[in-house]
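There are 2 protein chains.
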Amino acid sequence: MQLNCPMPEVDFNVITLGHGSGGLLTNRLLDKSVFSLFKNEMLDPRHDGAIFNLKGRTAFTTDSFVISPIFFPGGNIGELAVNGTVNDLAMCGASAQYMSLSLIIEEGMRMDELWEVLVGVKSAADKAGIVIVTGDTKVVDKGKGDIIFINTTGIGELHPHADIDAQRMHDGDVIIVSGEIATHGISIMSVREGLEFETDIESDTRPLNHLVQKLLDEVAEDVVLLRDPTRGGVATVLNEIARQSGFGVMLEEKQLPIDERVDSACEMLGLDPLYVANEGIFMAIVRSTSAGKALEIIKGATEGEQAAIIGSFTSDHPGKVILKSRIGGRRMVNMLPGEQLPRIC
Amino acid sequence: MQLNCPMPEVDFNVITLGHGSGGLLTNRLLDKSVFSLFKNEMLDPRHDGAIFNLKGRTAFTTDSFVISPIFFPGGNIGELAVNGTVNDLAMCGASAQYMSLSLIIEEGMRMDELWEVLVGVKSAADKAGIVIVTGDTKVVDKGKGDIIFINTTGIGELHPHADIDAQRMHDGDVIIVSGEIATHGISIMSVREGLEFETDIESDTRPLNHLVQKLLDEVAEDVVLLRDPTRGGVATVLNEIARQSGFGVMLEEKQLPIDERVDSACEMLGLDPLYVANEGIFMAIVRSTSAGKALEIIKGATEGEQAAIIGSFTSDHPGKVILKSRIGGRRMVNMLPGEQLPRIC
Chain Z
0 MQLNCPMPEV
10 DFNVITLGHG
20 SGGLLTNRLL
30 DKSVFSLFKN
40 EMLDPRHDGA
50 IFNLKGRTAF
60 TTDSFVISPI
70 FFPGGNIGEL
80 AVNGTVNDLA
90 MCGASAQYMS
100 LSLIIEEGMR
110 MDELWEVLVG
120 VKSAADKAGI
130 VIVTGDTKVV
140 DKGKGDIIFI
150 NTTGIGELHP
160 HADIDAQRMH
170 DGDVIIVSGE
180 IATHGISIMS
190 VREGLEFETD
200 IESDTRPLNH
210 LVQKLLDEVA
220 EDVVLLRDPT
230 RGGVATVLNE
240 IARQSGFGVM
250 LEEKQLPIDE
260 RVDSACEMLG
270 LDPLYVANEG
280 IFMAIVRSTS
290 AGKALEIIKG
300 ATEGEQAAII
310 GSFTSDHPGK
320 VILKSRIGGR
330 RMVNMLPGEQ
340 LPRIC
Chain H
0 MQLNCPMPEV
10 DFNVITLGHG
20 SGGLLTNRLL
30 DKSVFSLFKN
40 EMLDPRHDGA
50 IFNLKGRTAF
60 TTDSFVISPI
70 FFPGGNIGEL
80 AVNGTVNDLA
90 MCGASAQYMS
100 LSLIIEEGMR
110 MDELWEVLVG
120 VKSAADKAGI
130 VIVTGDTKVV
140 DKGKGDIIFI
150 NTTGIGELHP
160 HADIDAQRMH
170 DGDVIIVSGE
180 IATHGISIMS
190 VREGLEFETD
200 IESDTRPLNH
210 LVQKLLDEVA
220 EDVVLLRDPT
230 RGGVATVLNE
240 IARQSGFGVM
250 LEEKQLPIDE
260 RVDSACEMLG
270 LDPLYVANEG
280 IFMAIVRSTS
290 AGKALEIIKG
300 ATEGEQAAII
310 GSFTSDHPGK
320 VILKSRIGGR
330 RMVNMLPGEQ
340 LPRIC
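If you read the protein sequences in the order shown, they are chains Z and H.
Numbering of the first sequence is given in numbering that gives the first Met the number 0, commencing with residue 0 and proceeding in unit increments.
Numbering of the second sequence is given in numbering that gives the first Met the number 0, commencing with residue 0 and proceeding in unit increments.
Keep in mind the hints are simulated off the structure, nothing from the lab.
Think of the CB as a built atom: it goes at the ideal place given N, C-alpha and C, for glycine as much as any other residue.
Any given hint could turn out to be false.
Under 10 Å between C-beta atoms, here's a sample of chain Z residues computed to sit facing chain H [as the list claims (entries may be wrong)]:
| # | residue |
| --- | --- |
| 1 | Val132 |
| 2 | Gly153 |
| 3 | Ala234 |
| 4 | Ile326 |
| 5 | Pro341 |
Can you make the complete structure from the sequences, with help from the hints?
Here is the structure:
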């Protein structure tokens with residue numbers, strides 16, 4: 000958290016049902032928190048919605064965040080909620096412009112924790128360059144929620160040359176992953192009740208929009224698809240794309256970038272890193288002719304230093320994802336069948 | 000519910016954590032529910048977001064719905080979630096165009112109940128003419144939610160002549176309410192655990208966008224403000240407007256439209272109907288010269304038959320809301336101080 004935002008003085012320490020009444024207590028809470036922290040000309044009129052000008056192709060995406068615990072190594076639910084939606088916009092080929100913020104707070108949440116989450120929201124929004132323009136706050140009875148759930152919904156203008164579409168897939172299109180896999184999931188597991196283990200692995204939550212814009216500025220026409228492998232991990236998302244595009248995937252295990260500590264943790268927990276959730280990486284499916292250039296652009300950014308080409312699409316085994324293992328064997332990689340770690344985002 | 004949508008056959012009766020994994024179970028659940036029910040060309044690509052063309056002034060609004068119980072006389076949480084956001088767009092002077100739908104489901108929710116809620120969403124969206132274009136589904140552990148919470152976020156083009164702005168207020172601007180007050184709140188109380196009483200009062204949840212468009216088509220220039228008095232009721236919203244505009248409000252108690260049964264229930268429960276939540280009415284603040292015409296337009300629509308002029312704004316007592324009672328006395332009406340009935344929407 001780089002922001003220096005001391006909590007304003009309030010005459011309550013915890014959130015009560017009254018703070019969700021829509022009346023005096025709600026107004027007091029919002030005055031002291033959201034409206035002072037996110038101050039901008041679209042939010043200030045405090046109407047039922049925000050109004051702005053848009054023109055042309057626009058992307059629109061929503062996500063509710065229910066991660067547990069809400070504070071974790073490398074971030075908190077507030078930062079995650081902003082980055083998640085900023086990145087979903089980026090995966091559409093859009094910039095991050097406007098965002099709504101909707102809080103479902105469990106009665107009894109500590110005000111200092113709420114403040115820390117909101118500072119996380121502010122800090123992440125500033126980094127991504129997205130503006131919080133409208134919102135909502137609800138409070139549910141103790142035992143009917145889990146501290147806080149956050150919905151963010153984002154709007155952004157499409158890159159003028161973006162043409163992100165699974166139907167444009169060709170035989171031989173290349174899969175680039177922008178960074179090390181499985182980091183977010185392992186960082187959450189390390190602090191999950193009943194599962195704690197010692198590690199200094201931090202979540203990779205971060206905005207990817209600036210890097211994606213750079214990529215599109217240079218090679219938009221050759222970017223077929225962008226996807227961030229969050230829930231279900233790389234394996235699940237590649238299966239989804241295979242199903243949608245009618246092509247198959249050939250993955251190279253030895254090319255998968257993974258932090259050594261994350262790899263060890265996966266081994267210790269008996270997990271396949273291909274199914275572990277990520278928050279700060281994306282996969283770009285690009286024409287093979289532009290793969291080298293795309294990789295170079297991604298590796299040129301801090302958030303893309305560990306990027307690698309991990310495989311390609313093929314018409315050989317439509318709809319299927321096949322992994323060529325380190326020792327040369329081949330195995331089918333299916334979608335995550337059940338649940339690996341609930342409430343990872 | 001007017002839709003005839005039999006539930007598709009599924010091999011599970013309740014929602015499990017696995018349905019929120021992002022993997023195979025999530026895909027199966029969504030195939031059988033959301034994607035089959037809401038089918039449209041923006042949703043079908045199943046990408047991280049939807050893409051559409053927008054031009055000009057656009058309104059953007061969000062709301063999370065945590066109402067308890069989720070089924071109530073006159074509707075369910077699905078219809079409420081759509082109507083709530085459609086109406087917030089209308090209050091900005093905008094039409095309802097695109098909507099996101101984000102579900103936070105508690106593990107153990109029955110599939111037939113989820114289906115009924117989703118059919119409620121579909122039915123309300125069709126009535127309002129809004130399209131669900133993107134969404135998200137999360138599942139939280141049993142005891143960490145309350146059956147289902149729903150976030151809807153909406154986008155709509157502003158009416159070309161709308162100029163909704165508290166700063167445009169004049170002395171003498173008139174307050175019209177579009178229908179009977181306190182209906183939604185009382186209908187929920189009648190079925191709230193520990194509070195049940197016999198009545199046939201139904202929630203007034205309904206879309207207001209068609210009526211508001213008609214009003215703006217005729218007298219947009221003279222519509223200063225539109226607000227729906229949901230949480231906190233008529234009293235709280237008028238206090239908010241008084242605070243923002245720097246004018247005061249003079250309310251006429253005898254003009255307030257209220258259903259007799261609702262009035263009796265309020266008396267029985269010791270509640271002031273001015274603070275009880277509404278879902279299907281709005282307040283229009285209009286120039287006095289256009290008040291007659293505006294009232295006529297509103298009363299001409301089914302959803303506005305009970306409309307009435309209930310007071311006006313004045314520079315006499317800035318920031319304060321004063322009620323002239325039936326017997327001629329005057330009293331100050333403040334914002335809802337605490338909580339009347341939690342989780343009313």
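Against the structure, the hints come out as follows:
1. Val132: holds (6 Å)
2. Gly153: Holds. Min distance 8 Å.
3. Ala234: holds (9 Å)
4. Ile326: This hint is violated: Ile326 of chain Z lies away from chain H, its Cβ roughly 27 Å from the closest one there, beyond 10 Å.
5. Pro341: holds (4 Å)
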